[in-house]
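Visitor: The chain contents come next:
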Amino acid sequence: MANPGTTIEAIAGEFGPHLSQSTGMRLDSTLVPDKVVNTHCCFCGQQCGIKLLVKDEVVVGFEPWYDFPFNEGKLCPKGVKRYLQGAHPDRLLHAYQRDTNSPNGFRALGYDEAIARVASEIQRIQDAHGPHAMACLSGASLTTEKCYLMGKFARVCLKSSNIDYNGRLCMVSAGAANKKAFGVDRAANSWADILKTQLVWISGANIAECAPITTDYVWQARENGAKVIVVDPRITAIARTCDLFLPIKPGRDVALFNGILHLMIENNWLDHDFIAKHTVNFDEVAAGVKDCSPSRTAEITGIAERAIRTAAEWWGEAQSSFLLHARGIEHHTHGVQNCLGAINIVLASGRIGREFCGYATITGQANGQGGREHGQKCDQLPGWRDLGNPEHRAHIAKIWGVAEQDLPPPGVDAYEIFRKIDRNEIKGLLSICFNPLVSLPDNNFVRRMLQKLEFYVAIDFFMNETARYADIVLPGSLHEEDEGTVTTAEGRVIKINKAVECPGDAREDWRIIQDIAKSLNRPHGFTFDSPREILEELRVASRGGVADYSGITYERLEKEHGVFWPCYSEEHPGTPRLFEPGTWNPVANGNGPFYFPDGKARFNAITYQPPAEVTDAEYPYILTTGRVISHFLSGTQTRRIGPLVDQCPEPYIEVHPELAGKLGLATGDWATAESRRGTCTLPVRVVTTIRPDTIFIPYHWPGRKSVNQLTISAQDAISKIPEYKVCAVRLKKVPAPSAEELARIEPAARVEV
Amino acid sequence: MPVSELLEFFVDPARCIGCNACVQACSECDTHKGHSMIQLDMIDQAHSTQTVPVICMHCDSPTCAEVCPADAIKKTADGVVQSARKPRCIACNNCVLACPFGVPKMNTETHLMMKCDMCYDRSSVGKKPMCASVCPSQALFFGTREEIARLRPRSRAVNAFQFGNQTITTKVNMMVPNYAAADCIDVTGSMHGTVIGNQIDASVLYQGIETGESHHAST
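First to last, the protein sequences are chains A and B. Heads up: the first sequence at position 459 corresponds to 459 in our numbering, and the numbers run straight through without jumps. Heads up: the second sequence at position 37 corresponds to 37 in our numbering, and the numbers run straight through without jumps.
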């Protein structure tokens, strides 16, 4: 059913991506802005402070916000050009209905009519197939208020188990590991603790491109005398000046961390007091790494033994350290185990919960932290409570004014939602802030599932690639068109401020969700008049939970440049550093600094297992994927901003000269990468900065340029994160495409406006 | 108001991450909105992620001004070399060709040489230039000598450059590692040397690695 009524080219011709450039008012250097709005960048989890300049309800430019403490004015190119997403020709100003008679596949319809149509389709599907036949896919770039509302909407209004979010592709492995080891999931420290640490260990984090401002923290630590160890299959910019580089074979991180722990034990590089006083289960873990000798570690990880020994010695003998990781170790079928491996070496060193001693995953999405705390995850309720826990259910049901038994049971992860479509268990889908056709693995399967839906409604500010398959598209709000809070990679809750009103028929997302509830005649709990009112309810709902926001107000966030949760009361200062000795939390209740009843952290035994798909004679190379600095995630915004597209117009394949020589490839040649699931033909870059057995393709592009045609949908058993970072491919040189073929590969309009 | 004598520009190429934030932010500067006056150079993309931002070094004796037949390029009293003056510039390109750092750009639409002016509209009123404001890694740093000495103890500021027989001193400083003895950076000399690459060195790979190896079940 949900199938474009016309060609992708025709839809793209109308809805883009078109490229915005600075023109008109935005080039007028004499312009005096009507207002200057202190807010944050809309892109990554660092949430840099930025001042937006507004004239005649248009964001016309920016000014650095020097006083915001995290970035002190610094911005990456995405932040610099973010203002060009506003007043964009592709901005959806109306609701749209799919119309096979329209040349561009859609026709505009009135907002109220669109909402009524959505409500009647939801009602029809739920009447015919039950409440769970309607699913929601939400996103972690939304404000925490909206994330909270989406979780409540699915459970209270739709009464459906089936809601999940795109954090499933991002933070869940680290989140699950943090909960297993610490009982709480947040960066253990603010980045201030990086600055004077002695050793920075970075595993699987392309910091320079994916968290650029963090580079300054790491390099400032180095200026202050720290050594930097980088573990990555590629020499990324942060690795270029590191002190020790470990070129790990993708998917082998458990083996490396176990090998490091083996050497820590062998050389007695352990904090016995900390282990005894603040942890449990060390002996089991120690027994588990007995066989992880340096030579075996070298054999599995593809790293020379002497480099492994040096890393262990530096880690073992450091007096202070900060371990950072990101999707590089998390996007695996053993993503949770990889993170637990990292945590094991942190706990064995005893270097956590003190000044300049820290551990953190670098959250990817704008609200990757806040978006994973308050209930849009399939098994979660606000305040990081569990939907499967009767006590937690009763607590939240009371706040929501519903019966506990009316709350649905936990649902399934975002990818499983598509498999449920395949199994005819889900018939209708509502998506917001999620572009699964670009971002999910094996996306040819995702496309077939979208085509199979009886009804699909997408809420977005642009017609993203997935929305092209929708029956109804509702015009939501851009970041600068609404207010609310987000929680940064550091765990700092900050305030997003509204700069301009929603244009045309577009609405703030929370209004759209509430309008659907009202039209369904199920308005109970969806009558908020402002994001502030939603936060007030969230504060109450989070009270007593591990992610306690009860002391956080908009006024405090503005005045204090953000507040770190947990924050138990309006008098509480917030918590930049977790796990300090003697600190109280609601789970340990005074028994210790970690979030378990005994107050102790958990060592978790982990065993190396190979990735889901290993190389063989037929598919002999490892494909790994990642980001480039000028684009963000599925590119819905950045592929519409001219200067960012100019900076990186197309994806490419990175190949080491050894492999390139074997295949007769040179920079500028074209090659086809092929996995068991699909093919992708792209230009080649030959570089010595990648492992010879591995190729790299960035993932921000749709259609025939999408590397997610190749990636595998195998998932981590616990976190359900897909294994984006390893699959098996073959590679062959192909003739450069003709102009006509290139036009087919690039159907999106490239008109400059 | 002149640029404060206390505030200086320091370029620290070892910190450059190639992000282009400087290039993108330059085009947001009010004196040349829509046009970026600086560039990012790749050093040897096949072997290294090393990049270098190229801003105007604001020479004490600017070659661009010296070769200008129309006397269109002026240096303000505070040492900032400005874009060519519109009424005088004859778009001859002498400055573009002569600048040893490769900074001036000819705007072919307006027949006017434009160049990095240290965001004079900002720096002359005490604000940081756009590029140094946004630079995520602070490879471009604008501040006092005390600040840079405190923040970068591993390197020191040098402002003398050798191009063949020409020695140039500049208002803008280049940070060089403390272990480098030279007080003058021999730019042309180093161009004949080996490019210091940054490649995955076979010695840090486990020796069993081969491209396209068949997978061993045990690993």
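If you are wondering where the hints come from, they were derived from the structure by calculation, not from laboratory data. Computed from a predicted model, the values in this text were never measured in an experiment. Please note that the accuracy of each hint is not assured.
Said to hold, decoys possible - Partial selection, computed: residues in chain A whose CB lies under 10 Å from chain B:
1. Pro33
2. Lys35
3. Val36
4. Val37
5. Asn38
6. Glu209
7. Thr214
C-beta: ideal position from N, C-alpha, C; glycine also.
Visitor: Hints first: check each against the structure and report whether it holds.
Guide: Going through the hints against the structure:
Contact between proline 33 (chain A) and chain B, as hinted, is not supported at the beta carbon level, the nearest pair being about 12 Å apart and thus beyond 10 Å. Contact between lysine 35 (chain A) and chain B, as hinted, is not supported at the beta carbon level, the nearest pair being about 18 Å apart and thus beyond 10 Å. For the restraint placing valine 36 (chain A) at the interface with chain B, the shortest Cβ-Cβ distance is roughly 14 Å, beyond the 10 Å limit, so the hint is violated. The restraint placing valine 37 (chain A) at the interface with chain B is violated, with a minimum CB-CB distance near 16 Å, outside the 10 Å limit.
Of the supplied interface hints, the one on asparagine 38 (chain A) is violated, with its beta-carbon coming no nearer than about 15 Å to a beta-carbon of chain B, more than 10 Å. Nearest Cβ of chain B to the Cβ of glutamate 209 (chain A): about 7 Å, under the 10 Å cut. The hint holds. Because the closest C-beta pair between threonine 214 (chain A) and chain B is about 8 Å apart, less than 10 Å, the hint holds.
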